[in-house]
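*Asks:* Letter by letter, the chains look like this.
Protein chains: 4
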Amino acid sequence: MPQHRELTVGLIGAGRIGSNHAELLARAVPETLLAVVADPVEGAAARLATALGVERAATDLGGVLADPALDAVVITAPARFHAGLVEQAAAAGKAVFCEKPAGMDLEEIERVARAVEEHGTVFRVGFNRRFADGFPQARRAVDEGRLGIPQLLRSTTRDPGLADPAAVAPWTIFRETLIHDFDALNFLNPGARAVEVHAVADALVAPEHKDAGLLDTAVVTVRYDNGAIATAEASFSAAYGYDTRAEVFGSGGMATVGELAASSLRLYGPEGLSADTLRCDTQSMGRAYAAELRSFALAALGRPAGTGPEDPAEAPGVDAAREALRIALACIESCRTGAPVRLPASGAGR
Amino acid sequence: MPQHRELTVGLIGAGRIGSNHAELLARAVPETLLAVVADPVEGAAARLATALGVERAATDLGGVLADPALDAVVITAPARFHAGLVEQAAAAGKAVFCEKPAGMDLEEIERVARAVEEHGTVFRVGFNRRFADGFPQARRAVDEGRLGIPQLLRSTTRDPGLADPAAVAPWTIFRETLIHDFDALNFLNPGARAVEVHAVADALVAPEHKDAGLLDTAVVTVRYDNGAIATAEASFSAAYGYDTRAEVFGSGGMATVGELAASSLRLYGPEGLSADTLRCDTQSMGRAYAAELRSFALAALGRPAGTGPEDPAEAPGVDAAREALRIALACIESCRTGAPVRLPASGAGR
Amino acid sequence: MPQHRELTVGLIGAGRIGSNHAELLARAVPETLLAVVADPVEGAAARLATALGVERAATDLGGVLADPALDAVVITAPARFHAGLVEQAAAAGKAVFCEKPAGMDLEEIERVARAVEEHGTVFRVGFNRRFADGFPQARRAVDEGRLGIPQLLRSTTRDPGLADPAAVAPWTIFRETLIHDFDALNFLNPGARAVEVHAVADALVAPEHKDAGLLDTAVVTVRYDNGAIATAEASFSAAYGYDTRAEVFGSGGMATVGELAASSLRLYGPEGLSADTLRCDTQSMGRAYAAELRSFALAALGRPAGTGPEDPAEAPGVDAAREALRIALACIESCRTGAPVRLPASGAGR
Amino acid sequence: MPQHRELTVGLIGAGRIGSNHAELLARAVPETLLAVVADPVEGAAARLATALGVERAATDLGGVLADPALDAVVITAPARFHAGLVEQAAAAGKAVFCEKPAGMDLEEIERVARAVEEHGTVFRVGFNRRFADGFPQARRAVDEGRLGIPQLLRSTTRDPGLADPAAVAPWTIFRETLIHDFDALNFLNPGARAVEVHAVADALVAPEHKDAGLLDTAVVTVRYDNGAIATAEASFSAAYGYDTRAEVFGSGGMATVGELAASSLRLYGPEGLSADTLRCDTQSMGRAYAAELRSFALAALGRPAGTGPEDPAEAPGVDAAREALRIALACIESCRTGAPVRLPASGAGR
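These protein sequences, in sequence, are chains A, B, C and D. Using the UniProt record's numbering, the letters of the first sequence map in sequence onto residues 1 to 350. Using the UniProt record's numbering, the letters of the second sequence map in sequence onto residues 1 to 350. Using the UniProt record's numbering, the letters of the third sequence map in sequence onto residues 1 to 350. Using the UniProt record's numbering, the letters of the fourth sequence map in sequence onto residues 1 to 350.
No lab work stands behind these hints, which were simulated from the structure alone. Every value quoted in this text rests on a predicted model; they were computed, and no experiment measured them. Built from N, CA and C at the ideal position, the CB exists for glycine as well. Keep in mind that a hint or two might mislead.
Derived coverage of chain B by chain A (criterion: at least 3 residues anywhere in the stretch with Cβ under 8 Å from a Cβ of chain A; other residues may be distant) [stated by the list, open to error]:
hint: 1; region: 198-204
hint: 2; region: 215-225
hint: 3; region: 233-240
Calculated from the model, a selection of chain C residues having no Cβ within reach of chain A, i.e. all distances over 10 Å [said to hold, decoys possible]:
hint: 4; residue: E55
hint: 5; residue: L106
hint: 6; residue: G120
hint: 7; residue: G269
hint: 8; residue: Q283
hint: 9; residue: E333
Model the full assembly from the supplied sequences, consistent with the hints where possible.
*Replies:* Laid out in structure tokens, this is it:
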């Protein structure tokens, strides 16, 4: 555990989550040296680099991906560029951490899968729940058989607000939000695969954008091949902050995870009991983000992760990316048809 | 509030819930005098009457229903007899409390509705959640606008065990178990009506009875005409006891209700934190059962209920019985077809 | 368990707690018939009797205590009359439930003890914590050895408000408020006896009454002969309501009891998490009050109490009354001297 | 916020807490470069340095303290050496972080105070509660007046185990354990000073070491000049792990802080509810330790700390060290005399 930073990293995409990940790479992951931040938007990378003391900013993504000084690349660009960037980075021999989703459709995922396999890439997708407080512990309880056979599962994601409804790409709620829940459900029901999906979605937060295709609220039912029935549920606007909880109910018991309170402080006054709640993902998921990046860094360095939250039962790679996306795509189809959608028993790439 | 018992009551059906209700009428509802217990099964009523100090036991239900000494009847017979018994009791001028469901199909419910209307019957159906810890308070929060417009709801019922899978009548999980959740969802989404239902169900607890038609696990999605999307979920076998929770999420906030711990005791030892959980409905719902019976008694006596849990925002009568059953019946159809079921915009009787 | 009320009871003292107990005897204890309410204050008993449908009201306490129609007496008069009333009731052959304290000093307690012994009186003192949510369960955990040997204990009583500071009799905080905590500590440290007491008290709620002798805030340290060190703490004015919690820490673990929330409802909104709190003892202790009265009634009827909260590990009789009062009296002395007070190894009456 | 480590630090004392702090300096505080680890015990520093990738290990403390390459020193040596080491480090112009206590008696504290003042030293003492989850938030609630005037306070420290009772120096429980609680109480009752202390202590965990002077369990009552009465309580052996909770009760409400559960996971099974508990200070206080070291580093770099937990309402310096020690020393006297001890209205150095 040397103090010098061993893994030289470039980050692609200086937006909101990119800025968050850049700061964590610079400050909270002791193994990584963030050497360059890149973003095609003029000035975005430069501002972030300056703020974090990163040496280099770039607008030329290709140059960064090919830079031989970099050991690894963290991709936080918009989702539609993910698969292509992963392919390039893998081809350049980099270890790759890619924010979710790893691709927009199964074809993209298969391109990612082939690139990763061909180049022996250390690859991780940003399914942060696997590293979030309580989730690895719940999985361990499942693995130890303390819950018996999973029968009912639930995962929820509620974001604190919807800044710009007009900017939300179609099907974002499934492909970019609920995909976390689909992965959480898959993670908490290990070895099982989704066989049927039914989705209901609407624009309840910003109904005036419904005609433009906005879906900001959704409930999904997923049936698994081990019999388990799961619910995933999302809203783009929770008045009380950021809400990511999950529940696994099995033949032997139940596990619940997810904390809404911001700290252990509880206030009691004339109005009764009160407490602050977690307000945003970077607050709620701060440790999970740091842990998933550190887990990636350790894997890229070829080092065993140990037993902390950096080492979940199962780090999310291509298979996890594919399995979650399969469910998201089935949701889109279910919304279109208004009917449940059967999933093929095995994925194309399995 | 005189100490003498003012409302003379007869109870029909000396099974498990009948015994529970009889004990509450005798011991926990100060206004009621339980004068007779009736059950066609030889000896059942007699045993219960003796145990509770009830003066009279009967096997002839008709005689009891016609008994002019009785002011009110509490019906805890098997569900398939409910509607007929309600009709007889109403015709005899009794106030009627009937365990859920009030009927097996909409036709039965309409017969009940007609009888109640024709005879001006004080009628209540046993939707105990409306009287259970936290539920009336959650409804009040909704009524006060503290949650904004309901968008996502959830209700769950998990029973502690499945004694005799072979004895479970078809569709029981919808018509007798989840009907509580459908009513809870309706109660927590006041003024809204279900417009679409999708149900998924299976025999996960006792799969060997699946071929015989057993369904012991179910997840239901309900869409309401105010846009809200609700999930109801049930299992016949929770290892940790009796679990009835609910959640309402709206544009202004969220309410959660339902306690799993049996008392405020928390133990901390070498194994960590532990606490006992509620083990059965009569323990968990004891106060709710007493409150719904007392609320009924006060209504039958023509007295305002006051502001305690005996007086929920809205006591469950024929409309509540019909609205919950509509959803249950749509679940049955959804299971049969494997597709979502649209509900007519208004019920036959509205 | 006959429905007719078997134990005919008279209640002495129609003040706040007397009204509460009268209502419970009339409505929530199925075995008791509250036949008479007595209070020397003109009209007080009559008003209460009318409100509850009690047949008779009286101002002549002696006549009530001697009334052969009464099986039992519940004493809710001011504390300074307790011992004398118990003596009279015992001499008249009644079973006696007496609100705490059973006497103002040890001499009074010994008079009570002698009367109870001489007449074979069924006697209970109103230490409600023994019947309150979580407390009997905590005691059971101690009895089962799950906490090992008690080493540190804590009990707290915080009342919601101080209506009339000028009306508070001297040393009330020890003799009438903290006496509940002393009994709770004794109950949770079974078999051990207090050997040293140190008390600190002040008028922090109503400092303008300090010169008149008011003490409204106190912290007491009690050492027990098994080594355990306990803290009891009280305030007459908690902004958030009624707060009665306890904690037992032993060589094997810890138990905490006491709930502050009024129901299982939790609200999450723009301000964060909130919940209502319990506002008064009759709300918080409602079930405990009913349970202690029912336990008394069953004992008076010579019937085993069963296993509910009506049957704590150890119902509070003369010994409990004496042991708690010994600590209260030592507190008074400690406040006077400013020094810890040693207690004699055994009480006068033991 | 440059990525290179700006503050070059030496650490003195490679024991348990020294190893913990060294790892945090190397891994979790982005601003610090841990350049040297020193310990007079042969091999101790070398082992730690190797494990952490620290360049230099030393046994000569004096050389390290005088090393011009170091900007700052972190002192984690045994308590009896603290004051002398702080003096030397301050004289050498280093910023100094010193584990608690900063001195063994008031004379040592005054030597520290003089050195810090004379050399303009950036000085911090390791009172981690000020940085622990919920504590700064509770202080903020006090500062904002949400609790009114503090009246009753409580702080508890229970360590998970007592490895070697024979190695515990006399009065450790006051000077090294409860000193955290005294500081927490001072922190949560800002502006107030202790005026009277009463301590009760015993060897309940390892009674066989009592004759050798061991005290492993203690309860302390502290009166403050604003009227508040506080309790501090400690045990060296909690079966369930590491327990550091606090409570502030004031005229306007109450705040409670301190979490015992290890994560948000709750398991429900046949035995009821269960959860893991926090097992050791480095787990429970991990973030607080990192935050206090980072806060120190930022102060040493002359940089404002911001608004995170690294920036409590009031960072602990010489005054905090003195105020907490005053109480600890009064406890020792109270134990010796068996009586409460008055504190002078103002400290020698104020």
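*Asks:* What hint numbers does the structure not satisfy?
*Replies:* 7
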